[in-house]
Amino acid sequence: MTLASKRRSVSLRIIIYIFAALWLLIAAFPFVWTFWGSFKVELDFFSVANWTNALTGERTIAEYGQPFTDAGYEGAWIKEEFWRNVINTFIVCFFVVCTSLTIGTLGGYALSRSGYRYTLILLIAALIFRAMPPITLVSGYMLPFFEWNVWGILPTTIIVLVAINQPFTLWMLHSFFQNIPKELDESAKVDGCSQFKAFRLVIIPVMWPGVITTGLFSFLLAYNDFAITSMLLSEDNRTMVPQIAAFLGTTYTEGNVMFAVAAVVSAAAPLFILVMFFQRQIVSGLTAGAVKG
Amino acid sequence: MKHSTFIWFFSPTALAMILFIAFPIVSVLVQSVHAPHKAVLVEVETCTPLVGCTIETSIDQEATRELREEKPIGRFIGLEIFSDRGHLAISEVKESWSSSTNLNEFFKKLGNLPFYRAMAFTLTFTFIVTPLVVIVGFLVALNVNALHERIKGVVVFFSLLPFVITPLIGALVLFWMIDSRGVLGSAIQWIFADPNLSLKASTGLMWISLIVYGVWHAAPFAFVIFYAGLQTLPADQLEAAQIDGATRTQQVRYVVLPHLMPLVSFVALIQLMDNFRVFEPIVGFNASAHAQSLSWFIFNDLGGETRQLSSASATSVLTIIGVTILLLPVLRRTWRDFMEKAK
Chain A
1 MTLASKRRSV SLRIIIYIFA ALWLLIAAFP FVWTFWGSFK VELDFFSVAN WTNALTGERT
61 IAEYGQPFTD AGYEGAWIKE EFWRNVINTF IVCFFVVCTS LTIGTLGGYA LSRSGYRYTL
121 ILLIAALIFR AMPPITLVSG YMLPFFEWNV WGILPTTIIV LVAINQPFTL WMLHSFFQNI
181 PKELDESAKV DGCSQFKAFR LVIIPVMWPG VITTGLFSFL LAYNDFAITS MLLSEDNRTM
241 VPQIAAFLGT TYTEGNVMFA VAAVVSAAAP LFILVMFFQR QIVSGLTAGA VKG
Chain B
294 MKHSTFIWFF SPTALAMILF IAFPIVSVLV QSVHAPHKAV LVEVETCTPL VGCTIETSID
354 QEATRELREE KPIGRFIGLE IFSDRGHLAI SEVKESWSSS TNLNEFFKKL GNLPFYRAMA
414 FTLTFTFIVT PLVVIVGFLV ALNVNALHER IKGVVVFFSL LPFVITPLIG ALVLFWMIDS
474 RGVLGSAIQW IFADPNLSLK ASTGLMWISL IVYGVWHAAP FAFVIFYAGL QTLPADQLEA
534 AQIDGATRTQ QVRYVVLPHL MPLVSFVALI QLMDNFRVFE PIVGFNASAH AQSLSWFIFN
594 DLGGETRQLS SASATSVLTI IGVTILLLPV LRRTWRDFME KAK
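Chains as they are written, first to last, in this note's numbering: chain A, 1 to 293; chain B, 294 to 636.
Covered stretches of chain A (chain B as the covering partner; in silico rule of three or more C-beta atoms under 8 Å from a C-beta of chain B):
{"no.": "1", "region": "47 to 58"}
{"no.": "2", "region": "130 to 138"}
Listed next, with one range per pair, are the computed distances between beta-carbon atoms:
{"no.": "3", "chain 1": "B", "residue 1": "Ser376", "chain 2": "A", "residue 2": "Pro181", "range": "51 to 61 Å"}
{"no.": "4", "chain 1": "B", "residue 1": "Ala582", "chain 2": "A", "residue 2": "Leu22", "range": "24 to 34 Å"}
{"no.": "5", "chain 1": "A", "residue 1": "Ile273", "chain 2": "B", "residue 2": "Gln524", "range": "22 to 32 Å"}
These are computed hints drawn from the structure, not numbers from a lab.
Every residue, glycine too, gets a C-beta built ideally from N, C-alpha and C.
Whenever a hint applies, use it, and build me the whole structure from the sequences.
Set out below in structure tokens:
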């Protein structure tokens, strides 16, 4: 590519940088704007008078004496007890990631090491399951869950999310395990290890990069889910995303939109940190799926 | 690996998928042909002297409850729900077909039926967003690839955000900006010099907003895939093209694009399936008055006080059929890849 970059003209280079700046603006500006606006009062964030009020915080100064206020966060976290939903979200995510990685690693490993035809059938079945929109399954859950009296609680949602996660986890880990040479565990088996012992002693120490990448996507699925959590959790057990949806119904009528804005910023923050630390893994995970088709 | 060992390793994940994906699909199929029991009615004849006898009909609460507890799935009604007005609306479609003089009128009448209105939006959304995502993702990938090494990482970081963000949250963030009092809403009012312009008020503008959200959300995904594809582009191919005197456009057209073609079809197939189930933006944009999708119907049926399981199940079955049709090319491709590898 060196040849190409040497021949690039000045005007082309300017166009490239303008386009890049434009793309950055499109991708990032909504978040920056909402973050900035979450420290203002509603009349500044949704300004009828002048849009620059959202930058300067004119009404916020009039109300609180300073251009920034944490009233929205206070309202969401303390008055509306958003912290409960935050705790629920992290409980759900923690158990979903742990469980789906545990059973997914075993399954993915088995799929990558078995040469029989049924592995292909299982992978295709997983692909079909992966394509099913989760919300279409929800009406199938409702009746049995009500009958067994397990609707509305966190463990039920965790198990459902784990199951919905499995097809993706299997595909991802299957391709990661295929890249670990078979000779490694074969030779352990020749030395007298059982398949499980070979897995434990030889594969587990080298599988972490793949497992971490897969875990990130499991986390994102659990964290971002709206269809399952909003349908299967009772009001007291809501996680963040369905709670934000519930905020909308009440806050629009009560005029507490800033609570919802603060809650949205709070829920987006962990994802930013995640991307910051695991950017490389997310990119490699996305591309691994593409290469494997 | 021996069959028995395979079963030991695979059974936990298999169990989870059978119990919580396969069974629910069966359960949805079964529920879609059942409806809740009708209340058991009893007729009580009360006779009063002089007035005469009156027959009163009342609900036998106990018998109704017993019946519901005994058979919670309800009564079998066949494909009735599928053909009712809320779903395929077969009789209404026939009626409007025979009463319409031209196709235009027929489609207008179809647009009044909820299922077809939702299909119209879902298909428009799917088939506009998918190509736009591929195009925008490709342009951004080409662009970022030409940037200086140092700032590439930063650009990739910010590019990932719209894709990684919770769909509902991403939709809300955009929605608040395009609100008529938000920054983009005011800007649009200023551009068109119409202080009463509101994206929320018109169906067409709402659809455009939803499509913009769809592209904004998914373009980073296409970008990352194409960007990774560009890294594997053999440098000598490009150099050979340059020595042959190919212009920049020709290089893209004849070298870069063919190299990325498998990835383009991958992104397009994934996007078709993902966009077909568009749901969160409709909730986030509060757009249900202007745009519905099948997923939104299911959500709407299941939420609220009365959970209309039968109706939701029927819509779910229709959605599953739609997704399966879109999935067939992916399945064919996977099958072919595997067979080639096995050779």
